[in-house]
Amino acid sequence: MFRRISILAAVVLVLSVRSVSAQEDLNDQLEKLTKDAAKKAGESVVQIETRGGTDLVVAGPKGQVFRTALGPTTGVIVAADGYIISSAFNFLNNPTTILVRFPGKANEPLVATRVATDKSRMLTLLKVEAKGLVVPDFVPKKDIKEGQWSIALGRALDVKLDKTPTICVGIISATNRVWGKAIQTDAKVSPINYGGPIVDMKGRVQGVLIPASPKGDDETAGFEWYDSGIGFAIPMEDILAVLPRLKDGKDLQKGLLGVAMKSQDMYGVLPEIGLVQPNSAASKSGLKLGDIITEIDGKPVDRMAQVLHALGVKYEGDKISLKYKRGGEVKEIKSLELVGKIQVIAQPFLGILPLRDDPKLGVEIRHVFDKSPADKTGLKVGDRIVKFGVDEKQLTAFIGDTKRGRAQLFEWLATVTPGTEAKLEVKRKGADKAEVITLVLDNLPGALPGAPVDVLDKLPELASVKKALAPLESGNPNVKPPKIVEEKPPMPETGLMLRNTPDGEHKYWLFVHEDYDPNVAHALLVWLHPAGKKNKEDFEAFQEVWEDYCKANHLILVMPVMDKDEWIPSFSDFVTAATRDAMTRYTVDRQRVIAHGWGVGGNMAIHLGFSHRDLFRGVCAVGAAPIQFKDNIAGQRLSFYLTTGELDPLAKSIAEGRTRLAERRYPAFYRQHPERGRDYLNDKQLREVIRWIDSLDQQ
Amino acid sequence: MNYIITYRLLGIAMMLLAVGELRAQNSVTAASEQVNRKMVKLFGIGGFKGLPSYGTGLLVSAKGHILTVNNHILNTPGIVVHLYDGRRYQAKVLVREPELDVALLKIDEDVDFLPHFVFDKTAEKAMAETGDWVLAFSNQFKIAQGDEPMSVQRGAILTVADLKGRRGIFDAPYSGDVYFLDNIVCNPGAAGGAITTRKGELLGIIGRELKDNRIDTWINYAVPIQFKIEVQREDKKTGKSIMEKESVITFVHKALMGNYQETVKIRREDKGGYHGIILVVNAVSSTPPYVEEIVSGSPAAIAGLRPDDLILYVEGFSVPTIKIWRETLKQYEPGREISMQLQRGNKLENVKLKLANPPKTVN
Numbered sequence: 000m001f002r003r004i005s006i007l008a009a010v011v012l013v014l015s016v017r018s019v020s021a022q023e024d025l026n027d028q029l030e031k032l033t034k035d036a037a038k039k040a041g042e043s044v045v046q047i048e049t050r051g052g053t054d055l056v057v058a059g060p061k062g063q064v065f066r067t068a069l070g071p072t073t074g075v076i077v078a079a080d081g082y083i084i085s086s087a088f089n090f091l092n093n094p095t096t097i098l099v100r101f102p103g104k105a106n107e108p109l110v111a112t113r114v115a116t117d118k119s120r121m122l123t124l125l126k127v128e129a130k131g132l133v134v135p136d137f138v139p140k141k142d143i144k145e146g147q148w149s150i151a152l153g154r155a156l157d158v159k160l161d162k163t164p165t166i167c168v169g170i171i172s173a174t175n176r177v178w179g180k181a182i183q184t185d186a187k188v189s190p191i192n193y194g195g196p197i198v199d200m201k202g203r204v205q206g207v208l209i210p211a212s213p214k215g216d217d218e219t220a221g222f223e224w225y226d227s228g229i230g231f232a233i234p235m236e237d238i239l240a241v242l243p244r245l246k247d248g249k250d251l252q253k254g255l256l257g258v259a260m261k262s263q264d265m266y267g268v269l270p271e272i273g274l275v276q277p278n279s280a281a282s283k284s285g286l287k288l289g290d291i292i293t294e295i296d297g298k299p300v301d302r303m304a305q306v307l308h309a310l311g312v313k314y315e316g317d318k319i320s321l322k323y324k325r326g327g328e329v330k331e332i333k334s335l336e337l338v339g340k341i342q343v344i345a346q347p348f349l350g351i352l353p354l355r356d357d358p359k360l361g362v363e364i365r366h367v368f369d370k371s372p373a374d375k376t377g378l379k380v381g382d383r384i385v386k387f388g389v390d391e392k393q394l395t396a397f398i399g400d401t402k403r404g405r406a407q408l409f410e411w412l413a414t415v416t417p418g419t420e421a422k423l424e425v426k427r428k429g430a431d432k433a434e435v436i437t438l439v440l441d442n443l444p445g446a447l448p449g450a451p452v453d454v455l456d457k458l459p460e461l462a463s464v465k466k467a468l469a470p471l472e473s474g475n476p477n478v479k480p481p482k483i484v485e486e487k488p489p490m491p492e493t494g495l496m497l498r499n500t501p502d503g504e505h506k507y508w509l510f511v512h513e514d515y516d517p518n519v520a521h522a523l524l525v526w527l528h529p530a531g532k533k534n535k536e537d538f539e540a541f542q543e544v545w546e547d548y549c550k551a552n553h554l555i556l557v558m559p560v561m562d563k564d565e566w567i568p569s570f571s572d573f574v575t576a577a578t579r580d581a582m583t584r585y586t587v588d589r590q591r592v593i594a595h596g597w598g599v600g601g602n603m604a605i606h607l608g609f610s611h612r613d614l615f616r617g618v619c620a621v622g623a624a625p626i627q628f629k630d631n632i633a634g635q636r637l638s639f640y641l642t643t644g645e646l647d648p649l650a651k652s653i654a655e656g657r658t659r660l661a662e663r664r665y666p667a668f669y670r671q672h673p674e675r676g677r678d679y680l681n682d683k684q685l686r687e688v689i690r691w692i693d694s695l696d697q698q
Numbered sequence: 000m001n002y003i004i005t006y007r008l009l010g011i012a013m014m015l016l017a018v019g020e021l022r023a024q025n026s027v028t029a030a031s032e033q034v035n036r037k038m039v040k041l042f043g044i045g046g047f048k049g050l051p052s053y054g055t056g057l058l059v060s061a062k063g064h065i066l067t068v069n070n071h072i073l074n075t076p077g078i079v080v081h082l083y084d085g086r087r088y089q090a091k092v093l094v095r096e097p098e099l100d101v102a103l104l105k106i107d108e109d110v111d112f113l114p115h116f117v118f119d120k121t122a123e124k125a126m127a128e129t130g131d132w133v134l135a136f137s138n139q140f141k142i143a144q145g146d147e148p149m150s151v152q153r154g155a156i157l158t159v160a161d162l163k164g165r166r167g168i169f170d171a172p173y174s175g176d177v178y179f180l181d182n183i184v185c186n187p188g189a190a191g192g193a194i195t196t197r198k199g200e201l202l203g204i205i206g207r208e209l210k211d212n213r214i215d216t217w218i219n220y221a222v223p224i225q226f227k228i229e230v231q232r233e234d235k236k237t238g239k240s241i242m243e244k245e246s247v248i249t250f251v252h253k254a255l256m257g258n259y260q261e262t263v264k265i266r267r268e269d270k271g272g273y274h275g276i277i278l279v280v281n282a283v284s285s286t287p288p289y290v291e292e293i294v295s296g297s298p299a300a301i302a303g304l305r306p307d308d309l310i311l312y313v314e315g316f317s318v319p320t321i322k323i324w325r326e327t328l329k330q331y332e333p334g335r336e337i338s339m340q341l342q343r344g345n346k347l348e349n350v351k352l353k354l355a356n357p358p359k360t361v362n
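In order, the protein sequence lines correspond to chains L and U.
Each step along the first sequence adds one to the number in numbering that gives the first Met the number 0, with nothing skipped, and position 164 is 163.
Each step along the second sequence adds one to the number in numbering that gives the first Met the number 0, with nothing skipped, and position 114 is 113.
Worth flagging that the hints you see were computed from the coordinates, not collected in a lab.
Be a bit skeptical, because a hint or two may be false.
[Claimed, not checked] Within a straight-line C-alpha distance of at most 25 Å, the following computed DSS-like cross-link-like pairs (lysine-lysine) qualify:
{"#": "1", "chain 1": "U", "residue 1": "Lys163", "chain 2": "L", "residue 2": "Lys159"}
{"#": "2", "chain 1": "U", "residue 1": "Lys105", "chain 2": "L", "residue 2": "Lys159"}
{"#": "3", "chain 1": "U", "residue 1": "Lys91", "chain 2": "L", "residue 2": "Lys34"}
{"#": "4", "chain 1": "L", "residue 1": "Lys330", "chain 2": "L", "residue 2": "Lys283"}
{"#": "5", "chain 1": "U", "residue 1": "Lys91", "chain 2": "U", "residue 2": "Lys105"}
{"#": "6", "chain 1": "L", "residue 1": "Lys246", "chain 2": "U", "residue 2": "Lys346"}
{"#": "7", "chain 1": "L", "residue 1": "Lys375", "chain 2": "L", "residue 2": "Lys402"}
{"#": "8", "chain 1": "U", "residue 1": "Lys322", "chain 2": "L", "residue 2": "Lys159"}
{"#": "9", "chain 1": "U", "residue 1": "Lys105", "chain 2": "U", "residue 2": "Lys253"}
{"#": "10", "chain 1": "U", "residue 1": "Lys198", "chain 2": "U", "residue 2": "Lys124"}
{"#": "11", "chain 1": "L", "residue 1": "Lys104", "chain 2": "U", "residue 2": "Lys91"}
{"#": "12", "chain 1": "U", "residue 1": "Lys163", "chain 2": "U", "residue 2": "Lys264"}
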């Protein structure tokens, strides 16, 4: 009896052990395979260290400085005679010395030189004097599929170079990411392995890891996603394809067409051109505002996302074919050469402030800037621009109807550059007949480095005719003038209000002054509070400082509440959601939406301005330095007002930031206050900021 | 007698049947169940603002001895322990070892027969290596209370390396080799948790939340139970300082027997080897060690260092900043010959420098 039980027990034991151990065997094998793969590929994974270079590398909107280049990073050997590829992230701070150490050779570092950087893929090619380096095998792109094993290798933590590289196991999450440039992995990707490879179970390189994000294209885009299960790598096949060009020592630039779409909606609407950058590939090939792109390189496109996919992989000098629809007609451009960095885009300046909320055709002049082109030709307050253009015989009339004169003039100015000889047909104040005047367009005030410029010291009283809601006069003589019905528009709520963003996830305070008139387009100031200043009293205090100006100068305050410790880029979405929410409730002047912040909030304001060009027209940052810059976009003007006290250790960086903005032709002011630190604006300074806000729709 | 055997056999058969149930599951499930029974949730009474007043611990004796990290929870006015089966007790700290960053607690009541990790010679086996798969058990974020099980995470060993490793974490609580992990295990409340093999064998104790300042990344690590580090004690007879080696295993082993002698905080003082190198002004925190001047006749002069040389490595360790250079040099005494790598112009130079006694200062 007992014996039987024990036999039974033994049988059960054998059965169960077998099934458990089968699983164990499989696990053991997988574990061994990953280690073997890492060991094999590890021979080609090197450690890179840098010395010197600028100390401040990235002041993300965190306000905090990432000293990225201090620590060791990783690279992959791509040619036996000493070529190594790595993430451009690792060389952001322009180090003076780059050192490479090879596995097992901790005591034999080699000095590397930077050969070239692929600015589209954010990779840097290094060269050391060496021979017989081990070049890893790679997986062809066509064989990389979702779900395959993908092991991320790095050398950042390896102090003595005597170990296999760090191993993070994951799978390929997707291919064709970041507009066709990258493969995505769920292995942990961070500064520990940026620049290192992802390899398959045979130790063959699939790609090289970079921080990347489809939302941004600067060197640190995607850094905030470190260790998040979202990592990107550039396929090795693509790297090898451009290796000969990189070896020639020329940086590779992204190939640009030079258009902006009419809508920011990437997936919902046809790719209609909203703007053609002057001197771009698009303008040279004759593309125009309103054209709808239908095909690129033989592939039909009907959304902006598809256009980005088609163009994302292209380099400067690459040629594409393109079809587009103009009116009802489909046209074709057989060969269009993409350009690299489009030359600095400068926005032109007539020298006027337009009268606001004016339903009449044309643009009435509210103010003429001293010594501006408008001033030199004798334009005066009250004069009305009725036609514009460069060719006197083909001047454009205002269309009215759905487009306000001021907006149409803006659109035209985005297509011409400073130095252009422009013609305006102007009806002088009180005169019946119009005359044509000629002027040479200038740069916007503050948009040239060097020359110190001032904000207007006095504002013209009358800003708005207070008819923002009135129907617009039409330029079409067949359309009868609209009947002006005098009815009082419903009065929205005023005062200080706590609101939820439409998704209900975040809160923001909204302040609308009690004299709010929906017939006056208001400037919108988005306040990005400093760390910790997120309580009701803090917002009330801020409101108190601004309240009088809100009334006198038609301002609305939007104050998002950031409940985490610090502003990070991913909060942009909620801030813009709050901003847009306020814009649907009140009459807001789209030319005067401003991101305003102090300290950390200032960094966030700068980030928001650069990353949401469709929304923000101004950035006012107190005690925050712009460190990373994006190129100017013709149709989306962005003005900067930077200020701090002379005692702020950041003062020098902020002043430099202003210069670098102006080099990119952003209208930028810098104001340094004596004997002050990184304090908030006092009343006098505030008044200047108000004048700056009021002049944001200068033309 | 027969009865007893019968019962035993039946018991074994039942157990084996239960194991049979695992047929469709895998060994991780079995390991999790087994490890969970040996783990406790710790809650500090009171606590500190901004710091989580909860943590994780391991049972290391049948009578309720608990191993955990030597952190702030232990300084709260009282510590409450939740066992795997929901029993709750108060616990007291018996002994701490700051150099290993661990402490031994004891449940304040008479308990016995608790499942526990065994800390004897059998625990002393080879350390795990890069790429090994591991399980992490902890009560991160205080998810579990009472009899609820720990959160178990799958991960792998990213690498085995020195925690300090000149990573800019000068205040790291522990200075030996650690397991760096590829998974985010160092969360609030996770410190003191267990890292085990897939089979549930204990490998290490989950560490604190720390940032690697050189790469600006949060790190996830565990202290290997068998890794020996240097500790400093006062010799009972002579009263002199002596250096000894301890690991988590030896700590637990001795502490359980009540004879763990507390250590003196090691003052990592400057051993003072003199080199005669004057560096450029340490203007920003990342100023690299560029040579400004060499004192004539000094060891550096004899070794052939020159102004404008950039010091890159000392004994194979990278010295990217003046601060790290200073920290590194502290450990070398007069008479010691150190190998250095320098950048001179575009060339790398290898030099050997024999440190000397500091010269008498003359005013």
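Need the list of violated hint numbers for this structure, in ascending order.
2, 3, 7, 11
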